[in-house]
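Chain A is already provided as a structure; the job is to place chain B on it using the hints.
Listed in order, the protein sequences are those of chains A and B. Everything in the first sequence is counted per the numbering used here, starting at 662 for the first residue and increasing by one. Everything in the second sequence is counted per the numbering used here, starting at 160 for the first residue and increasing by one.
Any given hint could be a false lead.
[Claimed, not checked] The calculated label-pair distances, taken between Cβ atoms and stated as ranges, are:
id : chain 1 : residue 1 : chain 2 : residue 2 : range
1  : A       : S704      : B       : P286      : 48 to 56 Å
2  : A       : Q671      : B       : R332      : 35 to 43 Å
3  : A       : K810      : B       : D395      : 37 to 45 Å
4  : B       : G266      : A       : S704      : 30 to 38 Å
5  : B       : G257      : A       : P850      : 26 to 34 Å
6  : A       : L854      : B       : N281      : 53 to 61 Å
If you are wondering where the hints come from, they were derived from the structure by calculation, not from laboratory data. Think of the CB as a built atom: it goes at the ideal place given N, C-alpha and C, for glycine as much as any other residue.
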Amino acid sequence: MTMESKIVIQVNNVNVWYGPAQALKDVSLKVPAKKITAIIGPSGCGKSTFLRCFNRMNELVPTARTEGEVLYHGQNIYANEVNPVEVRRRIGMVFQKPNPFPKSIHENVAWAARINHLQSNGRWKNTELEQLVETSLRKAALWDEVKDKLHQSGLSLSGGQQQRLCIARAIAIEPEIILMDEPASALDPIASLKIEELMRELSKNYTIIVVTHNMQQAARVSDYTAFFTLDEADRAGILVEHGPSNQIFTNPRDERTEGYVTGRFG
Amino acid sequence: MSLNVPLKDRAFERQLEIRTRKGKIFELAALLAVLTGMVVLLALLIDVTVDGLTWLRPGLFTEFPSRFPDQAGLRSALQGTLWMIVLTAILAFPLGVGAAIYLEEYGQENRLARFIEINIANLAGVPSIIYGLLGLGLFVRGLELGRSVLAGSLTMALLVLPIIIVASREAIRAVPRSIRLAAFALGATQWQAIRYHVLPYAMPGVLTGTILAMSRAIGETAPLITIGALTYIAFDLRGPLDIFTVLPIQIFNWISLPQEEFHGLAAAGIMILLVVLLGMNSLAIVLRLRLQQRW
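Excised from the complex, chain A in its bound form (with noise of 0.2 Å):
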């Protein structure tokens, strides 16, 4: 695979246990800076856990355990020294299911930066953060449509406004990644193509890892492509094959892959 831009994060043998079972086996993969990488595959191929490694938000889990390394600017954000708040901060996560706080759309994208304390004396001003929720909501692709009400419940807004609005929390802290678990899948095909033209903008100045069930979606906005299935013999998720996305989709050299993207199974 012919890389142009710079590697900002890799992905070394990574292997997922929940309790017993395995959940992702062996998966190494390199995610270039400033473009969107969609991960696709058929249902519980363990794409979402392979997502959340990303952010360790799968220790979250009680019972999983992570193996591997994850090189972020090459450090290990799995080795002993490396808080996992320092790793969230950095790389920021939008869910499937939109999930505003039930507070003002101001505080919901004002609170990160303030309990982070990224001001250098770690106070914000008032006028500071009202620019800092502007410039996050303009990103977002939100701040017509809300500026009028920002004190209004972030519950207030349709489906694809309360997506966006999740997307303008998460890039309020810049963090240079941001991971999306099926951004749109819980949205209209209206809101759901907004989420996209977002998510291509928001490439010029982030890293996308986007999960998708949707393959149309995945062809129309992601520049790199990995396909996940499961192994046959013992029901873990494996990386199938990784490229460009016109590739995956036009030319695939796995025919896993081919018949995915087909429409054969999954």
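What follows is chain B alone, placed relative to chain A:
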């Protein structure tokens, strides 16, 4: 009218009629069950009002108990109840909420946690007089607090603790996991996720449970009699170490006197107690309806 015409099957219709009638009978039985409770409560309210209305006078609130019915009032009992409720809430609320947070957010799914859970459920079912005996041994004698309102409140706090823990756990569990995940994904520590999200969103439920626990405590008599809460107090309660009495004890005391007038006073006391209880329960319902977060 032949049997072959659809929707006119005699045998089936007869069966259907029986089925419908069975349904009606069951509905009637259920209605009766509902009315029994209502009627009894209404009868109690009417009976108490008839007996007590004439005794409901300002002196009831301002006078100490007396052997002359005309001069007797609930002053010390009201003070005792108020002191006890406030102290009990101060003691039981942080302990109950803290225990609930630990069990829901920090406690791992291990055998110890399950053991604690079962015990809390059991504690909620322990007869209140047992708590009274515990309070007598532990607080009155052991800590030498005497028969003070503080000893009573500590006992009451133990009694209502399981109620607060159970209610708080339910409220905390009702906060969806996705909210915690959202906070963690934004770089929050576990404490920050709890402090800024889980606890605030659970608070209406926690407060509702606490108020209901307090209204249970207001009505409790047995444990306070056990620790020796006096019935005749003719001075103001000035501090947590003073001896005290509470509304239900004073009411019980008046009822056990032979004079008819004291029974009227007791009825008036019951009216006050009921108003306080209904008021607190209404407040709990309002809190639940108004503030509870819907997900």
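Hints, one by one, checked against the model:
1. Evaluation of the 48 to 56 Å hint for A/S704 and B/P286 yields a pass: the beta carbon distance comes to about 53 Å.
2. With their beta carbons about 39 Å apart, A/Q671 and B/R332 fall inside the hinted range of 35 to 43 Å.
3. Range check, A/K810 to B/D395: Cβ separation about 53 Å, and the 37 to 45 Å hint is violated.
4. Here the CB-CB span from B/G266 to A/S704 is close to 32 Å, well matched to the stated 30 to 38 Å.
5. Between B/G257 and A/P850 the beta carbon distance is about 48 Å. The supplied range of 26 to 34 Å is therefore violated.
6. Restraint check, A/L854 to B/N281: a C-beta distance of roughly 56 Å satisfies the suggested window 53 to 61 Å.
The structure is inconsistent with the numbered hints 3 and 5, although it conforms to all the rest.
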